[in-house]
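Generate the whole structure from the sequences, applying the supplied hints.
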Amino acid sequence: MLFQQIWEVFSTSEYITLVLEGFRTTLIIAVGASLLGLVLGTIVAVVKIAAQKGGRGMIIPNIICDVYLTIIRGTPVALQLFIMAFAILAIRGFPLELTAILTFGINSGAYVAESLRGGIQSVDAGQTEAARSLGLGEGQAMLHIVIPQAIKNVIPAIGNELIALLKETSIVSMVGIIDLTFSARIIGSGSEMATYLAPMIVAALFYLAVVYLLVLIIRIIEKKFKQSEQHIDEKKMEKCRLRMEKRLRAIDARYEKTVARKEV
Amino acid sequence: MGDTGDIMIDVKDLHKSFGHNTVLNGVDISIRRGEKIAVIGPSGSGKSTFLRCLNLLEQPTAGVICFEGDEIFSAPFAGEGERQKRPRPIPSRKLNAYRQQMGMVFQHFNLFNNLTVLENIMFAPVKLGKQKLRRERRLRLFSRGGEVPAGAVSSVAQIEKEAKDRALALLERIGLADKASAYPSTLSGGQRQRIAIVRALAMNPKVMLFDEPTSALDPEMVGEVLALIKELASEGMTMVIVTHEMGFAREVATRVLFMDGGKIQEQGTPEHIFGEPTNDRLKDFLSKVL
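For the protein sequence lines, the chains are A and B, in the order given. Be aware that the first sequence starts at 792, since it is given in this note's numbering, and climbs by one per residue. Be aware that the second sequence starts at 2, since it is given in this note's numbering, and climbs by one per residue.
Derived from the structure by calculation, the hints contain no laboratory data. A portion of the hints provided could be inaccurate.
Okay, the calculated bits of chain A under chain B, using three or more residues with CB under 8 Å as the criterion [to be verified]:
# : segment
1 : 912-924
2 : 932-943
3 : 1040-1048
Derived BS3-like pairs (lysine-lysine); straight-line CA-CA distance at most 27 Å [said to hold, decoys possible]:
#  : chain 1 : residue 1 : chain 2 : residue 2
4  : A       : K1026     : B       : K165
5  : B       : K133      : B       : K207
6  : B       : K95       : A       : K1048
7  : B       : K95       : A       : K1017
8  : B       : K133      : B       : K165
9  : B       : K165      : A       : K844
10 : A       : K1030     : B       : K128
Beta carbons are placed, not taken as given, at the ideal position from N, Cα and C, and that holds for glycine.
Structure representation (structure tokens):
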């Protein structure tokens, strides 16, 4: 009976279009918000780190970041969404989806910022010191040595944040955006279906598929970054060696090319 | 031994405190070219802080540091118990140029974990070489076709090529050429420290600073690292070594400093320091460690 109803959701074009449209809305909001969140989070993390190191002119930006972090992390995201949709951005004709992207982006930025900051701080101070002792600047040390190691440390946390964000977007139905969750509700409340369970399960399958995909991607990225940490086996070592030799040959080739050009 | 070259680093009345904790309390020393200075003393005596102040990883609270006649850092000491004004930060270009001439070797190696051994060694020469090239090009642009000095590096390709050749030669020298593509985490402590030394050498420094280079090593690894440092010493490199290896200090150093309570309590040739110490605290210290 239940399977029949689930099949009905998939096979009825009216239903499946509604679900797919909702799914698209969910994805648009999630992707937009995570991009905004990553950008905002990086900016805030950099400001906080710079302020901590006693950077000049960082006092006011630091205060702004602190206020931002406190407010966003101290209030429920549903409330933030209401405030944005019904008060701040309650402008006629302003697309609700954009409101949702902004709300969730600003919200996730706060969490991303804290993860990133933790990641940067978890990199041993000796790494920066070594770079500085060789005569490299603060920025160069940060960019080439500290941040690559920090990213490796924060990939799991950021990945979890993105997954949570995707699922959290389901509350946009509260302001009337037809996302995946809302579309399931609409189908369930229709007179023909008359059950919530089947469409909800279909929606759940869609969420599960995306989350599972995200988990896989995160695992692959993590593995890529962990390369420098693993106890490398023979095969991987050989691969590293080949890659290095290729790079060294490229350096030689480039040098010979410039020498040849000069002689001409 | 007993070289008496010109004065390379001149330190006057160096003070450093962290909050209310005074670590360096007036250190004066002139380091001549070619000297090998061993700094010994009990823990907490300010040895490492002194070394870190030398290349300004810690900014001193007061004092003067001159390198080859150039004043790198200068802030007058306000006096005992007086409120010390915070010294002005050193312009970063000057600071970085100064540090490029000083190699530093750390207790915990501090190899860049995200780079392979070869990349570790090439990183600074390539990055800084490119930076210098950009700066020169910019200058040349403004001075309108000024003469390029003979032997000047003229292309990124040349910088990379030279850095690569030098890095490979250095690895060959310490017998770790086969580890060029390995990551630091796969190496032993002794190998890491030797690579850290070579990484500093890749910048062609005029002075090498060693901050307890063998303290974090397993006993059987100490020998290989000390051998490399000894080799450098015999080539005439100027160096300052903070160490707990008394035998090594005696063998390699041309001058030994004994620090305690943030001051140099006694200094002299190894024969003098280890053979006929006059300072009571030094006598006490030696009786405990020898």
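We went through each hint and held it up to the structure:
1. 912-924: holds (count 8)
2. 932-943: holds (count 5)
3. 1040-1048: holds (count 5)
4. K1026(A) x K165(B): holds, 25 Å
5. K133(B) x K207(B): At roughly 19 Å apart (the allowed maximum being 27 Å), K207(B) and K133(B) satisfy the hint.
6. K95(B) x K1048(A): violated, 35 Å
7. K95(B) x K1017(A): Answer violated: K95(B) to K1017(A) is near 36 Å, above 27 Å.
8. K133(B) x K165(B): holds, 17 Å
9. K165(B) x K844(A): violated, 34 Å
10. K1030(A) x K128(B): holds, 25 Å
Hints 6, 7, 9, counting from the list given before, are not met by this structure.
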